[in-house]
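Chemist: With these hints in hand, go ahead and build the complete structure from the sequences.
2 protein chains.
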Amino acid sequence: MSASPVSAPATPRLYHITLSPFCRKVRLVLAEKRIEVELVEERYWEAGSEIFKRNPAGKIPVLRLDGRLMAESQAICEYLDETVPSPPLMPTGALDRYEVRRLCTWFDDKFNDEVTKPILSERVWKKVMKAGYPDSRLVKSGLRAVKDHMDYMTVLLEQRKWLAGNALSLADFTAAAHLSCLDYISDVDWDRSATLRDWYATVKSRPAFRSVLADQVPGVTPAPHYAQLDF
Amino acid sequence: MSASPVSAPATPRLYHITLSPFCRKVRLVLAEKRIEVELVEERYWEAGSEIFKRNPAGKIPVLRLDGRLMAESQAICEYLDETVPSPPLMPTGALDRYEVRRLCTWFDDKFNDEVTKPILSERVWKKVMKAGYPDSRLVKSGLRAVKDHMDYMTVLLEQRKWLAGNALSLADFTAAAHLSCLDYISDVDWDRSATLRDWYATVKSRPAFRSVLADQVPGVTPAPHYAQLDF
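These protein sequence lines are chains Y and U, in that order.
Just so we're aligned, residue 1 is where the first sequence starts under the working numbering, counting upward by one.
Just so we're aligned, residue 1 is where the second sequence starts under the working numbering, counting upward by one.
Be aware that one or more of the hints could be misleading.
One copy or two, either will do: identical chains are not told apart, so a pair holds if it fits within one copy or between any two.
With a straight-line cut-off of 25 angstroms between C-alpha atoms, the simulated SDA-like cross-links for lysine to any residue are [said to hold, decoys possible]:
1. Lys-147 / Phe-52
2. Lys-147 / Glu-50
3. Lys-161 / Asp-230
4. Lys-117 / Arg-210
5. Lys-110 / Pro-56
6. Lys-117 / Arg-137
7. Lys-140 / Val-220
8. Lys-117 / Leu-138
9. Lys-53 / Asp-151
10. Lys-130 / Val-220
11. Lys-53 / Trp-162
12. Lys-147 / Arg-137
13. Lys-53 / Glu-38
14. Lys-53 / Arg-160
Hints in this document: simulated from the structure, not taken from any laboratory.
Treat the numbers as computed from the prediction; the structure is a model and nothing was measured.
Modeler: This is the structure in structure tokens:
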């Protein structure tokens, strides 16, 4: 009897949508860790979507890895960092790790609630999902709030090389995931802070960012500078 | 010259409010780790509140520890677990840690959005903050959603000893922090699941839970069974 063929492990698959900051965060971490991934668009708002079969929370992203379905971007990213340690995206000291996690929540919770979600919902998702016209009050409120957040990031970056300390970390990719979605539709005023622009230019020029910069959402044209490394 | 007196380290202080699930989560972890803490009520909605001086995100809880001000309950709890390892609240395997973090986000994000926030906002905070009358549609929507969450928790607890695996973890305290707030105002139908009731009875009977069970919100009487270990 001949030996059974060894089946190659399936390529990881990410169920995602293009302009979701949470999906982008996982994509950036996968790319930074040089883990190849197959991207599958998950149009969870359409009839027939099987999102609840993949994630009982009904949310994207979902990562299929080693035969398992994994959900929640922060939990996935910390898992990837623990299992594929190079390059590290979490520092080694407990206090430094706290600061990375505090800032990840800052962006995924506060920045998302005040900026990413209202602006993208009104300016992109209502169009894509054919769910009515944008509410300009929500867009304006998001555009007001983004200024305060940019100022806070500038204060941090004037004290540190990267957002959470002196090493690139998951906090930088989390923040960049949100800002890159807004930048796609040209809603970041980079003239407000040279410090912040320099930080984003550095993050954006990493090879891990290439796939995100090549994104195209049908019907939503990216800003002319979106994919330019010198903007 | 006599030796300078050694100044005793200040007792940790938690700026909190009583029925916040995020504050309770940190209180439970501090108590489980036997870290004494001074509780200071942070009425952040009142004029003159200094919350933004303590946390630029303007949110509670804030923990003053070793002269530092720390924010974001999940980041604080992971820091406490890393620096005070006994008893451990995070498992050692990467996949088990992923599952704890996934479920912490489940409760702090999804459960909070669908259940804790709408019910407590309408039934408690509007009264405490003198901000109008409860919107019964939001309360009803929360009470409908809590059933699905209880069913999901029951499914998990039928496969495992604790929510995230076979050891007590931060996921159990996170879930219990949310459920205990609802239980204070009697909004958990324990008859729905004997499995879930048993789990909650076990968590509730831990010494770490005592301070939470002694809570009293002025003007909001706790349910008669709230502090009973046999309910």
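Chemist: Does each hint hold? Answer for all of them.
Modeler: Evaluation of the provided hints:
1. Taking the shortest alpha-carbon separations for Lys-147 and Phe-52, only the inter-copy value of 17 angstroms comes in at or below 25 angstroms, while the best intra-copy value is 36 angstroms.
2. Taking the shortest Cα distances, Lys-147 and Glu-50 sit within 25 angstroms of each other only across copies (22 angstroms), while inside one copy they are farther apart (38 angstroms).
3. When the C-alpha separation of Lys-161 and Asp-230 is checked against a cutoff of 25 angstroms, the pair qualifies only within one copy, where the shortest distance is 20 angstroms, while the shortest distance between copies is 54 angstroms.
4. Taking the closest pair of Cα atoms, Lys-117 and Arg-210 come within 25 angstroms of each other only inside a single copy of the chain (24 angstroms); across copies the shortest separation is 39 angstroms, beyond that limit.
5. For the homomeric pair Lys-110 and Pro-56, the shortest alpha-carbon distances inside one copy (24 angstroms) and between copies (11 angstroms) are both at most 25 angstroms.
6. Within a single copy, Lys-117 and Arg-137 get their C-alpha atoms as close as 13 angstroms, and across copies as close as 24 angstroms, so both meet the 25 angstroms cut-off.
7. Taking the closest pair of Cα atoms, Lys-140 and Val-220 come within 25 angstroms of each other only inside a single copy of the chain (19 angstroms); across copies the shortest separation is 38 angstroms, beyond that limit.
8. In this assembly of identical chains, Lys-117 and Leu-138 lie within 25 angstroms of each other by CA distance both inside one copy and across copies; the values are 10 angstroms within and 21 angstroms between.
9. Proximity of Lys-53 and Asp-151 under a CA criterion of 25 angstroms is satisfied inter-copy only: 16 angstroms between copies versus 41 angstroms inside one chain copy.
10. Only within a single protomer do Lys-130 and Val-220 lie at most 25 angstroms apart by alpha-carbon distance; the minimum there is 13 angstroms, versus 44 angstroms between protomers.
11. Proximity of Lys-53 and Trp-162 under a CA criterion of 25 angstroms is satisfied inter-copy only: 23 angstroms between copies versus 38 angstroms inside one chain copy.
12. Taking CA atoms no more than 25 angstroms apart as the test, Lys-147 paired with Arg-137 passes inside one copy only; the shortest distance there is 16 angstroms, against 35 angstroms between copies.
13. With identical chains, the CA atoms of Lys-53 and Glu-38 are at most 25 angstroms apart within one copy only, with a shortest distance of 19 angstroms there and 45 angstroms across copies.
14. Within a single copy, Lys-53 and Arg-160 get their C-alpha atoms only as close as 43 angstroms, which misses the 25 angstroms cut-off; across copies the closest is 20 angstroms, which meets it.
Comparing the model with each numbered hint stated earlier shows that all of them hold.
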